[in-house]
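J.: Turn these sequences into a full structure, and let the hints steer you where they fit.
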Amino acid sequence: MAYIPVPMYWGRIPEKYRLIGYRCKKCSTINFPYRSACKNCGSKADYEEVKLSWRGKVYSYSIIAAGGSPPEFVNFERAVGQYPIAIVELDEGPRIMTQLTECKPEEVRIGMEVEATLRKIYEDEGVIRYGIKFKPVRIKQ
Amino acid sequence: MIAGILDYSIYVPKYRVKVEDIRKAWGEFLGTGVSEKAVCYPDEDVITMAAEACMGIVKRGIVNLEDVKAVFLATTTSHYVEKELASTLTTFLGISKAYTLNLGYSIRSGTSALIAASTYVKSTSEKALVIAADTPRSSLFESIEHEAGCGAAVFVVQGKTDDVVAVIEEFAAESYEVLGDRYRVDGEERPRSMEVRAYNTKMFREITSKCIKNLLNKLNRNINAYNHIIVSPPIDGGRISMDIVRSIGGSPEKVCMPMISNIIGDCGCATPLISLAYVLDSSKPGEKILLASYGYGGGCDALSISVTERASDLQNRKLKVKDYVDSKEYIDFKTYLRYRNLAK
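Protein sequences appear in the order of chains A and B.
Using the numbering used here, read the first sequence as starting at 1 and increasing by one per residue.
Using the numbering used here, read the second sequence as starting at 1 and increasing by one per residue.
Simulated from the structure, these hints should not be mistaken for lab results.
You may find that some hints are simply not true.
[Stated by the list, open to error] Selected chain B positions facing chain A (in silico; Cβ < 7 Å):
(1) T48
(2) A51
(3) H79
[Stated by the list, open to error] Some chain B residues judged to face chain A by a derived CB distance under 7 Å, without partners named:
(4) K14
(5) D43
(6) T91
(7) R338
C-beta: ideal position from N, C-alpha, C; glycine also.
T.: So, in structure tokens, the structure goes:
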């Protein structure tokens, strides 16, 4: 989720706001994010859009320690201190690189259940870039 | 009947700071009627809280949000002073064809949105979303900051009564110029108050009382017909709300106390709608709710709401207001400063 210019953000808004995945019409593999060729069968992009579930599990993680943030995340890091990022495996299979929010570094565990949430990713030139982060499941149903 | 409420949900951030911790660290607590309050995580704002509240509707699955044809969004604390706000939510929810209306300027705008949406759907069978989200902020030298909490509420209304848990029977309004009670000037980040408490309270009482009387006259009804009365904002911890109800001949015990803002703080325009959701969660079929919502500067809305037989389903609902209120983690004073960027 590194810095990208606003024009590049425009085209990716559906997947960033809604977790839209792309199911390959040939092999049914769900690609996320969008790829010009299917990650499984390599065929040229011919996808059906699917809304991915908002639940998943932490597949792997790392901690961004003090001073380790890219510049666009410095304000966030100042506020919360060190924070975890993770690869989250969604129930449908795709693995997503994401920030874990509302989660202290010492709380993260591989296999931890997490859910998606719309958050401010960062602000640049006064424009807020919203996007999906994941957080530990807060209210169990 | 104006409209029916199909479903509703709220969102309150997980983090809380205790007033006692503010008092210890700052030396004094300038607010009244608050024991602890919700604090946004630094990556949250009114839009993300609104989105979370909508997710409550999605998770419960009673209403398919793709059927929603209009979004009425109220906030007084948007990051943008000019930019369509609801579009972020229509994109997030995948309802780009929905009619959108953005409301603000006053903490009354939450109920204004509910009334606007109800009148919009009245003549149709369409569904509309009403969303109010706010995170008031000021400086630590102002009572506004000491009382400030954050939260969002969402209601789904439709023009027909099928399947609704409550019916909005009637509404009334009253407005009159009030100067200096709470206001924010263009270009300024923080609201101010001239702190003329006696005048502010007098105008709140007068305008709100008149508004409630307007509603009762329209319905030719006595205030004692109501089982639950919400008078927002809960100035002085709700004491003024009780006084207002008493002055109209009502029983102060019917005023919903303790008000939910006592434990989540002042949620601006979301306060009256979060309170309504809280009352609906535990209301019984046939009960009547009076909701009055005053906005500084000054104006008031009053709504008469009747709970239907479907309300018995509410007891078994997942994701109640209490779930969000009870699911919390305390932070200390310095974390509160960091999360709200008050130490800059």
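J.: Taking each numbered hint in turn, which are not upheld by the structure, reported in ascending numerical order?
T.: Per hint list: zero violations.
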